[in-house]
Structures are given as structure tokens and as C-alpha cells.
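Peer 1: Full structure from sequences and hints, please.
In case you want the letters, here they are:
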Amino acid sequence: MSETIIEAQHLFKQYRTGLVAVKDVSFTIAPGICYGLLGPNGAGKTTTIEIMEGIKSPTSGTIFYKGASLGRRFRNEVGILFQSTALQDYLTVRETLKLFQRLYTQALPLEQLIEICNLHDILEQDNQRLSGGQKQRLLLAIALVNNPEIIFLDEPTTGLDPQARQNFWQLIRNIKQEKKTVVLTTHYMEEAAELCDAIAIMDHGKIIAEGSPQRLLSEHFNDVYIRLPRQLLPEQSQSGEIVYTDKGEFVEIATRSMDRTIKDLIELKVPLNDIQIRRGTLEDLFLELTGRDLRQ
Amino acid sequence: MIKRLYAVVVARNMEFIRDRSTFGWNVVMPLLLIIGFAMIFDGESREVYKVGYYGDRSMTAETMPFFATKYVQFIPMADLQSSIAKVERHQLDLFFDLQTAPVKYWVNSQSSNGYFLEQILLGQSGNRVEKQTVSGVELRYVDWLVPGILAMNIMFSCLFGVGYVIVRYRKNGVLKRLQATPLSAFEFLLAQVISRMTLIIGISIFLFIMCQLLIRFPMHGSYLLLLFVYVLGALSLISLGLVMAARISTEELANGILNFISWPMMLLSGVWFSLEGAQPWVQKIALLFPLTHVTEAARLVMNEGAGLIEVLPQLTWLICMTALFLTISALSFRWDTGN
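So the sequences go chain by chain: A and B. Just so we're aligned, residue 5 is where the first sequence starts under my numbering, counting upward by one. Just so we're aligned, residue 103 is where the second sequence starts under my numbering, counting upward by one.
Do not take every clue at face value.
As the list claims (entries may be wrong) - 30 Å max Cα-Cα, derived DSSO-like pairs, lysine-lysine:
| no. | chain 1 | residue 1 | chain 2 | residue 2 |
| --- | --- | --- | --- | --- |
| 1 | A | Lys-183 | A | Lys-102 |
| 2 | A | Lys-27 | A | Lys-60 |
| 3 | A | Lys-27 | B | Lys-172 |
| 4 | B | Lys-105 | B | Lys-273 |
| 5 | A | Lys-60 | A | Lys-210 |
| 6 | A | Lys-60 | A | Lys-70 |
| 7 | A | Lys-139 | A | Lys-102 |
| 8 | A | Lys-210 | A | Lys-27 |
| 9 | B | Lys-105 | A | Lys-60 |
| 10 | B | Lys-172 | A | Lys-139 |
| 11 | B | Lys-273 | A | Lys-60 |
| 12 | A | Lys-267 | A | Lys-251 |
| 13 | A | Lys-102 | A | Lys-70 |
| 14 | A | Lys-27 | A | Lys-102 |
| 15 | B | Lys-206 | B | Lys-172 |
| 16 | A | Lys-102 | B | Lys-273 |
| 17 | B | Lys-386 | B | Lys-172 |
| 18 | A | Lys-210 | B | Lys-273 |
| 19 | B | Lys-386 | A | Lys-102 |
| 20 | B | Lys-273 | A | Lys-139 |
| 21 | A | Lys-183 | A | Lys-139 |
| 22 | A | Lys-251 | A | Lys-273 |
| 23 | A | Lys-70 | A | Lys-27 |
| 24 | B | Lys-386 | A | Lys-70 |
| 25 | A | Lys-180 | A | Lys-210 |
| 26 | A | Lys-102 | A | Lys-60 |
| 27 | A | Lys-180 | A | Lys-70 |
These are calculated hints, taken from the structure and not from any lab test.
Peer 2: Structure below.
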């Protein structure tokens with residue numbers, strides 16, 4: 005098996021409005037991994053993934069799938085779950101699956117798709133009457149209908165409730181176990197941490213960091229975070245040795261020397277029972293790299 | 103390819119049939135329209151006197167003062183035989199062949215309008231004209247209307263059922279989802295044509311039978327030829343719908359454009375009134391509409407018993423238009439919204 009299943013080379017996309025959504029983006033994805041494209045709204049994730057899917061044409065740059073340009077072979081071997089999509093009205097889940105089965109030369113048996121995506125209960129239900137989680141399960145089944153080698157999931161859990169999200173993550177883990185390549189865009193850092201073997205963080209149309217979540221965290225963070233209720237910290241400490249970030253009712257102290265900070269807190273007579281200690285997360289990394297300004 | 107076409111056709115047909123409001127509207131609306139007109143015009147003749155002539159009318163200005171009679175519509179005719187047939191069916195009250203000497207005129211012995219006009223004519227030019235008598239039952243307005251109403255229903259179903267639906271598919275992302283499969287744009291468009299064709303022909307046959315049972319209109323020509331006329335007509339109108347839908351991505355714009363096309367077509371294609379007496383420029387514009395040719399051909403087959411040769415000009419127009427529209431739509435079709 006080749007070491008790269010899909011490769012983006014110097015992608016550049018400018019829309020007719022003049023907006024440059026993607027600026028010289030290049031990366032490679034190894035087969036069998038879950039690759040996450042992370043970024044705030046408007047970072048260029050969806051444009052990048054849609055160029056990779058062959059749905060949009062880049063202004064310049066190339067996508068190689070198994071070393072060749074995207075073509076009919078790619079269409080037959082790719083599965084896609086779009087960020088926003090609709091299905092034909094007045095068709096049941098079963099009929100919709102049959103429709104997509106017939107569009108491919110080879111397709112998974114209906115029973116297998118129903119089993120993988122847990123569609124038993126909604127098979128005879130009209131597409132229009134599905135809940136958000138049910139619709140995403142059906143769309144995932146459609147993405148899997150041709151038993152694809154590579155699956156693109158564009159913000160698949162946006163708008164789902166926590167139960168539906170957990171359930172969907174489990175479906176993606178099952179897909180990963182079958183050694184399929186998954187390309188995932190998300191702005192949920194928890195989702196990326198749960199599912200991705202490698203991530204690229206995008207902002208303003210460029211990749212600003214790339215690697216495995218562990219490596220990126222260790223590269224960018226040696227800090228440990230101590231969180232405590234604001235009222236526990238004496239007034240005089242604000243101008244003292246302890247530097248903290250205001251988090252409303254709490255304050256958060258970032259430190260590279262836990263021993264020293266704990267010692268300082270004890271000296272300030274801060275009760276340690278109410279403090280919480282955590283390591284840096286992808287969310288911290290994301291905010292550090294992309295800033296904390298509100299995005300549209 | 104056949105499997106993919108079959109899949110899209112079946113899915114689209116199911117969507118149409120299960121959407122009861124749309125399906126009902128497509129079947130009930132034209133039926134109510136025809137029944138309504140049958141009731142309104144039942145037993146009534148039109149109050150307009152219509153006189154057809156073949157030849158140069160200006161040459162007879164002095165010898166035929168009848169042509170200066172007020173409140174009579176004088177219509178130049180292109181063909182002798184079809185004009186005589188119109189007198190037989192009361193579509194013309196009198197008809198003159200101005201190329202003969204003396205001038206021959208045809209009148210239907212069962213037409214009251216024809217009788218009155220003949221009395222005026224004989225009072226003015228009694229010794230300069232030669233009478234030819236024909237007879238035949240009057241073609242009611244509703245009989246004349248049915249072929250056009252069926253054609254008009256096909257037009258609305260094709261333009262809105264194909265054009266509007268594709269725009270909706272593009273806007274809500276159904277097209278984008280299909281684009282991500284091996285289905286090609288050609289296969290998708292062909293599936294839309296087949297799907298709409300099967301539905302509209304099925305509905306038209308049902309409407310034809312229902313109208314026949316309810317208002318008993320005459321059918322003089324071949325059923326097979328009539329079916330062929332409507333199939334070609336539907337094909338050209340579906341293709342026109344595809345042209346409209348090739349790139350548009352908002353339903354509001356699609357609705358506006360489809361209305362902009364369908365209303366003039368409905369009014370100027372001779373569905374509601376004959377264009378025989380209309381201004382030449384109106385008649386020329388009407389030739390650009392597929393509906394004009396479908397209506398004319400269907401009327402010739404149903405009302406006058408025309409055969410394939412007689413309707414060949416209309417069928418040729420429809421074939422050429424279909425080829426042109428399909429080429430334009432295939433070349434300009436876009437899956438996405440372009441944003």
C-alpha cells in the first residue's frame with residue numbers, strides 16, 4: 005500500500021467575489037488514518053475539503069488520489085458527508101439507500117449498511133421526518149454505500165445533541181477500525197482529540213500547524229493549568245508573582261513549574277481542596293494559534 | 103448507466119406521485135379548466151363573423167364590396183382544402199377563392215352565421231360569385247380548446263416540474279450530493295427527461311379519457327400520431343425547462359423566469375384563441391414557442407384528422423427546438439450554486 009492515499013499540492017482558491025478562501029495549502033494523508041482539518045468559521049476548511057472531494061475546482065493547485073488526478077476511479081472509491089445537504093423528499097430511508105446503491109457499480113448490501121449505521125428503527129421513515137442525529141446517520145450510510153476507501157466528513161456533528169454526537173463518534177471509530185481513511189473537518193476540539201490521528205489547523209486560508217495532536221501539544225505546551233475560584237485568590241496576588249487569566253468566576257494559572265506554583269499558593273493561604281489541575285488541550289492550542297477574537 | 107438512470111427516474115417519479123398536492127394540481131387543474139369552458143360555452147356560437155379568403159384581396163376591392171362590410175373579420179388563408187374544412191366545422195362562416203372567375207365562395211348549409219353573411223353578399227355581388235355548399239357539424243369552442251389545454255398542461259408540468267425542481271435541488275444541495283456519485287450530468291438530465299415524460303404522458307392520457315367521457319369531443323385523427331405529437335412537444339418543453347434550470351440557483355429567480363416564459367407562450371400560442379387573424383408579427387413570435395407547434399399539430403390531428411405529412415412542419419420545428427435546447431442545457435449545466 006502506498007504511504008499516501010491523497011495529496012493536496014499548493015491549493016489556491018479565489019471566488020468570483022474576490023474572496024481568497026484557500027492560500028497555497030499542501031498536505032498529504034496516509035491511508036487508514038483519521039485526518040482532521042480544524043479551524044474557526046471561515047478558515048477555509050470546507051473549501052479545502054470540497055476541492056479534495058472534486059466538488060469544487062481550485063483556482064490553482066492539484067489533488068492526487070493514489071498518485072493520479074481525480075477521476076472516475078476516485079468517484080467510485082470516495083464517500084462524502086457534506087456539511088449541509090438535502091435528500092429527495094417523499095422517499096423513505098430504505099428507498100434513499102437503494103437509490104444511492106444503484107448509482108455505484110459495486111455497493112455494500114443494504115443489511116450491512118443498516119447494521120453499520122444503526123438504521124433499523126427508521127428504515128420506513130420519510131427523509132423529511134428524520135431528526136438531526138437520524139439524518140446524519142443516514143447521510144453517513146449514503147457516504148458508505150460504495151464501501152469507500154476514503155471518507156470525507158465535513159463537520160458531521162454540528163448541531164447534534166451530546167447523545168447523538170457520542171453515538172456518531174462511535175460510528176466513526178467503527179469505520180476507522182476497518183482501516184478506512186477518514187478526512188474530518190470540525191471546530192469541536194474534543195471531537196478532533198477523540199477521533200483524529202493527525203490534524204491540520206487552518207486559519208485565514210492557510211495551514212498554520214500540522215501533526216499528531218500529541219506532538220502539536222507537546223511542541224506548543226509545556227504548561228499545566230491550575231483553575232481555582234476567583235475569591236480564593238487574595239487581592240495582593242494580582243500584582244504579585246502569580247500570573248493568571250480571568251475566566252469569570254474562576255481564574256486560570258498557566259505554569260511550567262507545578263511545585264513552585266503550589267508552594268506560592270500555599271504561602272498565600274489558598275485552600276487547595278477547591279483547585280483543579282489540567283494539562284493543555286487542543287482547545288488551548290487552537291485558541292493560542294488562531295486567537296480569541298470572535299469570528300463570523 | 104441504465105441502472106443509474108433507472109434509479110434517478112424511479113426516485114423522481116416516487117417523489118412526484120407522493121407529493122399529493124402537486125400531483126393533484128397537475129391532474130385536477132386542467133380537467134376543471136376544460137369542464138369549466140365546456141359549461142361556459144356549451145351550445146353557444148362565437149358572436150364574431152369570420153370570413154376566410156384565398157388569393158389577393160386588394161384586386162377585388164371594386165368588384166367585391168362585401169369585403170368592406172363592417173364587424174366581419176377577414177382572414178387570409180394559405181390553403182384551399184383546410185379552409186373548406188374550416189367552413190365545414192363552422193370555424194369560418196364563409197370562405198372565398200379569389201383566384202377563380204367568377205369568385206367561388208363556400209358556405210355551410212347548417213350555419214346560421216353563414217346564412218346571414220351570404221344574404222349580404224348576394225345583395226351586393228349576387229351575379230359575380232358562385233356558390234359552393236358544404237355541410238358539417240359545428241366544432242364547438244371546447245372541442246377546439248381541448249388539444250390546446252392538454253398541450254398547455256404539458257407545458258406547465260414540464261417547465262415547472264423540471265426547471266423549478268432542478269433549481270430547488272441545486273439550492274438545497276440534492277444536486278451536490280448526486281454530483282459526489284458516479285452519476286454524470288448527462289445521465290442526470292436524461293433521467294429528468296424520462297421521468298417527466300412518463301409522468302406527463304400518463305397524466306395526459308388520463309385527462310384525454312376523462313375529457314372524452316365528460317364532454318365528448320371529436321377525435322378525427324390517429325391516436326398514435328397524437329401521442330407522438332404530445333411526446334415530441336413534451337420533449338421540447340422539458341428541454342426548455344432544462345435550459346432555464348441549467349445555472350440558476352434561487353427559486354425566486356427561477357419562478358420569475360418560468361412565468362416570464364410560460365405566460366406569453368400560453369397567450370400567444372393559440373391555446374385560447376386562433377392566431378389566424380392576428381398581426382403578422384404576433385404570428386412570427388408565436389412560431390418561436392414550442393407550445394404553438396404542439397397545439398397546432400394536436401388540433402390538426404384531433405379536429406381535422408390530419409396525418410403525419412400534414413403535421414410534419416410542426417414536428418420538424420419541435421425536433422429542432424429540442425435539439426437546440428438540449429445542447430444549450432447540456433453545455434451550460436452546473437451542479438452547484440456557483441458560490
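Peer 1: Checking each numbered hint in turn, tell me which of them this model violates, lowest number first.
Peer 2: The structure breaks hints 3, 10, 14, 19, 24; every other hint is satisfied.
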